[in-house]
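Asker: Using the numbering used here, read the sequence shown as starting at 1 and increasing by one per residue.
It is possible that part of the hints are untrue.
To be verified - Simulated restraints on C-beta separations:
id : residue 1 : residue 2 : range
1  : 80        : 113       : 19 to 27 Å
2  : 91        : 27        : 23 to 31 Å
3  : 71        : 131       : 21 to 29 Å
4  : 68        : 13        : 19 to 27 Å
5  : 69        : 31        : 29 to 37 Å
6  : 64        : 36        : 17 to 25 Å
7  : 98        : 18        : 29 to 37 Å
8  : 91        : 69        : 32 to 40 Å
9  : 109       : 67        : 39 to 47 Å
No lab work stands behind these hints: they were computed from the structure.
Here the structure is a predicted model, which is why all the values come from computation and not from measurement.
Don't be surprised by glycine CBs; every beta carbon is placed ideally from N, CA and C.
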Amino acid sequence: MDASGTTQQVGSVSGPDFIALQVRDVEAAAQFYESRLGLTRAPAAPPGAVVFMTSPIPFAVREPLPGVDLDSGDRPGNGVALWLKCDDAQALHDSLAEAGVEILRAPAPSPFGLTFAFADTDGYAVTLHDAG
Numbered sequence: 001m002d003a004s005g006t007t008q009q010v011g012s013v014s015g016p017d018f019i020a021l022q023v024r025d026v027e028a029a030a031q032f033y034e035s036r037l038g039l040t041r042a043p044a045a046p047p048g049a050v051v052f053m054t055s056p057i058p059f060a061v062r063e064p065l066p067g068v069d070l071d072s073g074d075r076p077g078n079g080v081a082l083w084l085k086c087d088d089a090q091a092l093h094d095s096l097a098e099a100g101v102e103i104l105r106a107p108a109p110s111p112f113g114l115t116f117a118f119a120d121t122d123g124y125a126v127t128l129h130d131a132g
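Whole structure, please, built from the sequences with the hints as guidance.
Answerer: Written as structure tokens, this is what we have:
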């Protein structure tokens, strides 16, 4: 706000442009997302990160920023909803469950198609859906 109490807009935001999860072991997390979800690594990434070729928004796993303690709460990212789109939520759910991945919410119909949630290698809750 300026002196008159009016809010000054400095710029505008168009929406999410990049999403990254801070993880304990970048290579283990990257391997999980590659082998279990079928993501493909981008040819280039900044140091300490693996970026995947997702669209429309790039997704990455990266080393924690200084001062970040991933063990300080019940679950990293608690309160953040991360949704990823897939082509067959039921088949992916079955594959993850068979591999022993923790399923947080069983598949259920929603306005976004069939959805379910799982915990990744660091405990992040990730929701997958197959329509929308």
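Asker: Next, verify each hint and record whether it holds.
Answerer: For each hint, the structure was consulted:
1. 80 to 113: 19 to 27 Å: Given about 21 Å between the Cβ atoms, the range holds.
2. 91 to 27: 23 to 31 Å: holds, 26 Å
3. 71 to 131: 21 to 29 Å: violated, 36 Å
4. 68 to 13: 19 to 27 Å: holds, 23 Å
5. 69 to 31: 29 to 37 Å: violated, 23 Å
6. 64 to 36: 17 to 25 Å: holds, 22 Å
7. 98 to 18: 29 to 37 Å: With Cβ atoms ~32 Å apart, the hint holds.
8. 91 to 69: 32 to 40 Å: Given range 32 to 40 Å: holds, Cβ gap about 36 Å.
9. 109 to 67: 39 to 47 Å: The hint (39 to 47 Å, Cβ to Cβ) holds, given that residue 109 and residue 67 are roughly 41 Å apart.
Hints 3, 5 from the list above are not met by this structure, while the remaining hints are.
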